[in-house]
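So the protein sequences, as listed, match chains A and B. First residue of the first sequence: 14, per my numbering; consecutive thereafter. First residue of the second sequence: 14, per my numbering; consecutive thereafter.
Please note that a few of the clues may not be correct.
Identical copies carry no separate label here, and so any pair may be met within one copy or between two of them.
As the list claims (entries may be wrong) - Below, simulated EDC-like cross-link-like pairs (lysine to aspartate or glutamate); rule was C-alpha separation at most 20 Å, straight line:
1. Lys52 with Asp126
2. Lys147 with Glu60
3. Lys42 with Asp171
4. Lys52 with Asp89
5. Lys147 with Glu194
6. Lys139 with Asp119
7. Lys42 with Asp62
8. Lys147 with Asp62
Hints were generated in silico from the structure; no laboratory data involved.
Protein chains: 2
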Amino acid sequence: MNPTAAILLIGDEILSGRTRDSNGNLLAKRLTAAGIDLKEIRVVPDEPDAIVSALNPLRAAYTHVFTSGGIGPTHDDITADAVAAAFGTGIDVREDARAILATNYDNPEDLNDMRLRMARIPDGAKLIDNPISKAPGFSLGNVHVMAGVPVIFAAMLDSLLPTLTGGAPVRSVSVRIDRPEGSVAAGLAALAQAFPDVSIGSYPFVTSGGFGTNIVARSRDIERLARVEKQLLTFR
Amino acid sequence: MNPTAAILLIGDEILSGRTRDSNGNLLAKRLTAAGIDLKEIRVVPDEPDAIVSALNPLRAAYTHVFTSGGIGPTHDDITADAVAAAFGTGIDVREDARAILATNYDNPEDLNDMRLRMARIPDGAKLIDNPISKAPGFSLGNVHVMAGVPVIFAAMLDSLLPTLTGGAPVRSVSVRIDRPEGSVAAGLAALAQAFPDVSIGSYPFVTSGGFGTNIVARSRDIERLARVEKQLLTFR
Numbered sequence: 014m015n016p017t018a019a020i021l022l023i024g025d026e027i028l029s030g031r032t033r034d035s036n037g038n039l040l041a042k043r044l045t046a047a048g049i050d051l052k053e054i055r056v057v058p059d060e061p062d063a064i065v066s067a068l069n070p071l072r073a074a075y076t077h078v079f080t081s082g083g084i085g086p087t088h089d090d091i092t093a094d095a096v097a098a099a100f101g102t103g104i105d106v107r108e109d110a111r112a113i114l115a116t117n118y119d120n121p122e123d124l125n126d127m128r129l130r131m132a133r134i135p136d137g138a139k140l141i142d143n144p145i146s147k148a149p150g151f152s153l154g155n156v157h158v159m160a161g162v163p164v165i166f167a168a169m170l171d172s173l174l175p176t177l178t179g180g181a182p183v184r185s186v187s188v189r190i191d192r193p194e195g196s197v198a199a200g201l202a203a204l205a206q207a208f209p210d211v212s213i214g215s216y217p218f219v220t221s222g223g224f225g226t227n228i229v230a231r232s233r234d235i236e237r238l239a240r241v242e243k244q245l246l247t248f249r
Numbered sequence: 014m015n016p017t018a019a020i021l022l023i024g025d026e027i028l029s030g031r032t033r034d035s036n037g038n039l040l041a042k043r044l045t046a047a048g049i050d051l052k053e054i055r056v057v058p059d060e061p062d063a064i065v066s067a068l069n070p071l072r073a074a075y076t077h078v079f080t081s082g083g084i085g086p087t088h089d090d091i092t093a094d095a096v097a098a099a100f101g102t103g104i105d106v107r108e109d110a111r112a113i114l115a116t117n118y119d120n121p122e123d124l125n126d127m128r129l130r131m132a133r134i135p136d137g138a139k140l141i142d143n144p145i146s147k148a149p150g151f152s153l154g155n156v157h158v159m160a161g162v163p164v165i166f167a168a169m170l171d172s173l174l175p176t177l178t179g180g181a182p183v184r185s186v187s188v189r190i191d192r193p194e195g196s197v198a199a200g201l202a203a204l205a206q207a208f209p210d211v212s213i214g215s216y217p218f219v220t221s222g223g224f225g226t227n228i229v230a231r232s233r234d235i236e237r238l239a240r241v242e243k244q245l246l247t248f249r
């Protein structure tokens, strides 16, 4: 059994539609490659109750929970405090985090009270390195708290992911069929039945040339996958 | 108080990272414009238990729940059955849905058993018009079930959203023109200008016979709609 995961995206800007999230997609791809099964993504507003209400069932249900957003210096950055509340632990400015943050500012006065909020770390958490803007993320238990800015999120992920244990990576093959989904559905159903250990998904698309279908098969077993691919190619 | 909403995206392909969702962002923008407060987005796998477990709390918590994905003809399209299970209602091929679906196929034999799955509608649901590929979505209670293919999702949303924001029901007429979109675009633009109170959408398609265009006009005013339909018929 592979480890499982959920992603919790925190941000009013995603829910209003102003921002189209990219961190979820990046992390989904990275988890798949690492052999960690992503089972759920949630997006909630920048509200403590919403974060706590989502986080507690997710951290109970999955091996890992990854959060994105709400750890900057402004008044609406409340993720760290909400995570501490969800765990029922204390939270305060931590000296190691403050020292790391200070390296980002030539003038000590620039590390003002608002920026110091970024050194608030729940008791018992491990810091996640942020090579871009220093302000660290953190892991508390199985919850990994990262920034929302995509380039910083990606950098934190590079710091964090190698430390987590993955199962065997899931391989995939993709076969494009330039016919509508309905014309291959019966064949696919039979194939799925013959290969219960291979996950077979069907993704219709529309182009100016007409309807088509991408078939994606996924498995940890390369040989079984190759047999399914061979069958899929006959559908073309 | 504005109405509230959640979006439930159903799709292994989003969780694997293979597809970067766009329907959530489109709907978020449309809801914001319509004065409906989007409070949560969830992505779950193509698994009946996962859909039911997410859907029941969401439909209890928010005014509306919008789903995307899993209503095509293949074995992994299980959303309609999962929604029926969440509500504890029956589900079967419904005659009006079957009749709509049949208009998409010149040869009756092409409406095979797998494609007929797309006419499975839970008891008591209202159909959502799909001018692109006919297979309808549906609303059951406060849950609105739509396709995952972005162009079809967008067209269903155009059918559904005006009915949710109060006032007189929005009527629609659909005119099929067996010519490419570009050959009617100028005429459509002039028509849209002459009838600013009628929403006119254009949905290109491709068949073995070549390019064509479905024009869908929507309005609360039946007389204005009839005048637009009369004009559209002259485009044929």
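Hints, verified against the model:
Taking the closest pair of Cα atoms, Lys52 and Asp126 never come within 20 Å of each other, the shortest separation being 38 Å inside a single copy and 31 Å across copies. Taking CA atoms no more than 20 Å apart as the test, Lys147 paired with Glu60 passes in neither setting, with 25 Å inside one copy and 40 Å between copies. For the identical chains of this complex, Lys42 and Asp171 are intra-copy neighbours only, at 13 Å inside a copy versus 31 Å across copies, given an alpha-carbon limit of 20 Å. Taking the shortest Cα distances, Lys52 and Asp89 sit within 20 Å of each other only across copies (16 Å), while inside one copy they are farther apart (28 Å).
Taking the shortest alpha-carbon separations for Lys147 and Glu194, both the intra-copy value of 18 Å and the inter-copy value of 14 Å come in at or below 20 Å. Taking the shortest alpha-carbon separations for Lys139 and Asp119, neither the intra-copy value of 26 Å nor the inter-copy value of 63 Å comes in at or below 20 Å. For a Cα distance limit of 20 Å, the shortest separation of Lys42 from Asp62 qualifies neither inside one copy, at 29 Å, nor across copies, at 24 Å. When the C-alpha separation of Lys147 and Asp62 is checked against a cutoff of 20 Å, the pair qualifies neither within a copy, at 28 Å, nor between copies, at 42 Å.
Checked against the numbered hints given earlier, the structure breaks hints 1, 2, 6, 7 and 8 and satisfies all the rest.
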